[in-house]
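S.K.: Take the sequences, apply the hints, and build the full model.
Protein chains in written order, with my numbering: chain A, 1 to 115; chain B, 1 to 114.
For the record, the hints were derived by calculation from the structure and aren't laboratory data.
Glycine included, C-beta positions come from ideal geometry on N, C-alpha and C.
Accuracy of the hints is not assured; some may be wrong.
To be verified - Pairs of lysine-lysine residues, derived as DSSO-like cross-links and limited to a Cα-Cα distance of at most 27 Å, are as follows:
| hint | chain 1 | residue 1 | chain 2 | residue 2 |
| --- | --- | --- | --- | --- |
| 1 | A | Lys57 | B | Lys37 |
| 2 | B | Lys106 | A | Lys57 |
| 3 | B | Lys68 | A | Lys71 |
| 4 | A | Lys57 | A | Lys18 |
| 5 | B | Lys68 | A | Lys57 |
Unchecked claim - Residues from chain A that face chain B, not an exhaustive set, calculated with beta carbons under 7 Å:
| hint | residue |
| --- | --- |
| 6 | Leu43 |
| 7 | Gln45 |
| 8 | Met50 |
| 9 | Arg100 |
| 10 | Glu103 |
| 11 | Phe106 |
To be verified - With the C-beta cut set under 7 Å, the calculated list includes, among others, these residues of chain B facing chain A:
| hint | residue |
| --- | --- |
| 12 | Arg43 |
| 13 | Pro44 |
| 14 | Phe89 |
| 15 | Lys101 |
| 16 | Leu102 |
| 17 | Phe104 |
| 18 | Lys106 |
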Amino acid sequence: EAQVTQNPRYLITVTGKKLTVTCSQNMNHEYMSWYRQDPGLGLRQIYYSMNVEVTDKGDVPEGYKVSRKEKRNFPLILESPSPNQTSLYFCASSWAGSDRVYEQYFGPGTRLTVT
Amino acid sequence: GENVEQHPSTLSVQEGDSAVIKCTYSDSASNYFPWYKQELGKRPQLIIDIRSNVGEKKDQRIAVTLNKTAKHFSLHITETQPEDSAVYFCAASPSGGSNYKLTFGKGTLLTVNP
Numbered sequence: 001e002a003q004v005t006q007n008p009r010y011l012i013t014v015t016g017k018k019l020t021v022t023c024s025q026n027m028n029h030e031y032m033s034w035y036r037q038d039p040g041l042g043l044r045q046i047y048y049s050m051n052v053e054v055t056d057k058g059d060v061p062e063g064y065k066v067s068r069k070e071k072r073n074f075p076l077i078l079e080s081p082s083p084n085q086t087s088l089y090f091c092a093s094s095w096a097g098s099d100r101v102y103e104q105y106f107g108p109g110t111r112l113t114v115t
Numbered sequence: 001g002e003n004v005e006q007h008p009s010t011l012s013v014q015e016g017d018s019a020v021i022k023c024t025y026s027d028s029a030s031n032y033f034p035w036y037k038q039e040l041g042k043r044p045q046l047i048i049d050i051r052s053n054v055g056e057k058k059d060q061r062i063a064v065t066l067n068k069t070a071k072h073f074s075l076h077i078t079e080t081q082p083e084d085s086a087v088y089f090c091a092a093s094p095s096g097g098s099n100y101k102l103t104f105g106k107g108t109l110l111t112v113n114p
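M.R.: Right under this line is the structure:
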């Protein structure tokens, strides 16, 4: 079954404790992306990657890191989480051509709470 | 960077009526405009998208129109049904060169009353 998976689905942590949210897709998609969703603010892009070893900042990259060492995986790293990073996080993937991206397939979401 | 404004933030219609959601964008380089539907507690899913080389696209009860000169695009849902109730997000992307950012609007909560 074609899918995007994220782990963990729920996480409660404390300020400053490094964490990683994993994202994996089995559709051989070139493009992968991370979003955060906050009430009243919609979806905001954190980072995206056009292919292996190619990453770029979205609109809200501060406090986050990503890596794309393999095509199927795109982990999101919070080196020192703070309460303002409490949010619902979505990973997404899509096909990408030389001049366009296509429909994004979203993962199920990760609910993160930082106390 | 790109800025996408979406209106209205909430919309309530009677079953069978039409619903229209409007978005404006700021970056004239944007050329890809998708619409996503998010039901309560679920992930966003694409319902329709349009690229800048066309002005309108239809898929059954859903249509999107694009006015590149005015930098706005709209989602039209006809003959609304209760299962259309959800949050709808528009988005815009330059989708080319070295920039493949996707910027979303803040969403519209559509409620279809039976």
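S.K.: Hints first: check each against the structure and report whether it holds.
M.R.: Here's how the hints hold up against the structure:
no., hint, in the structure
1, Lys57(A) x Lys37(B), "25 Å, holds"
2, Lys106(B) x Lys57(A), "20 Å, holds"
3, Lys68(B) x Lys71(A), "34 Å, violated"
4, Lys57(A) x Lys18(A), "20 Å, holds"
5, Lys68(B) x Lys57(A), "26 Å, holds"
6, Leu43, "4 Å, holds"
7, Gln45, "6 Å, holds"
8, Met50, "6 Å, holds"
9, Arg100, "5 Å, holds"
10, Glu103, "4 Å, holds"
11, Phe106, "4 Å, holds"
12, Arg43, "4 Å, holds"
13, Pro44, "5 Å, holds"
14, Phe89, "6 Å, holds"
15, Lys101, "6 Å, holds"
16, Leu102, "6 Å, holds"
17, Phe104, "4 Å, holds"
18, Lys106, "4 Å, holds"
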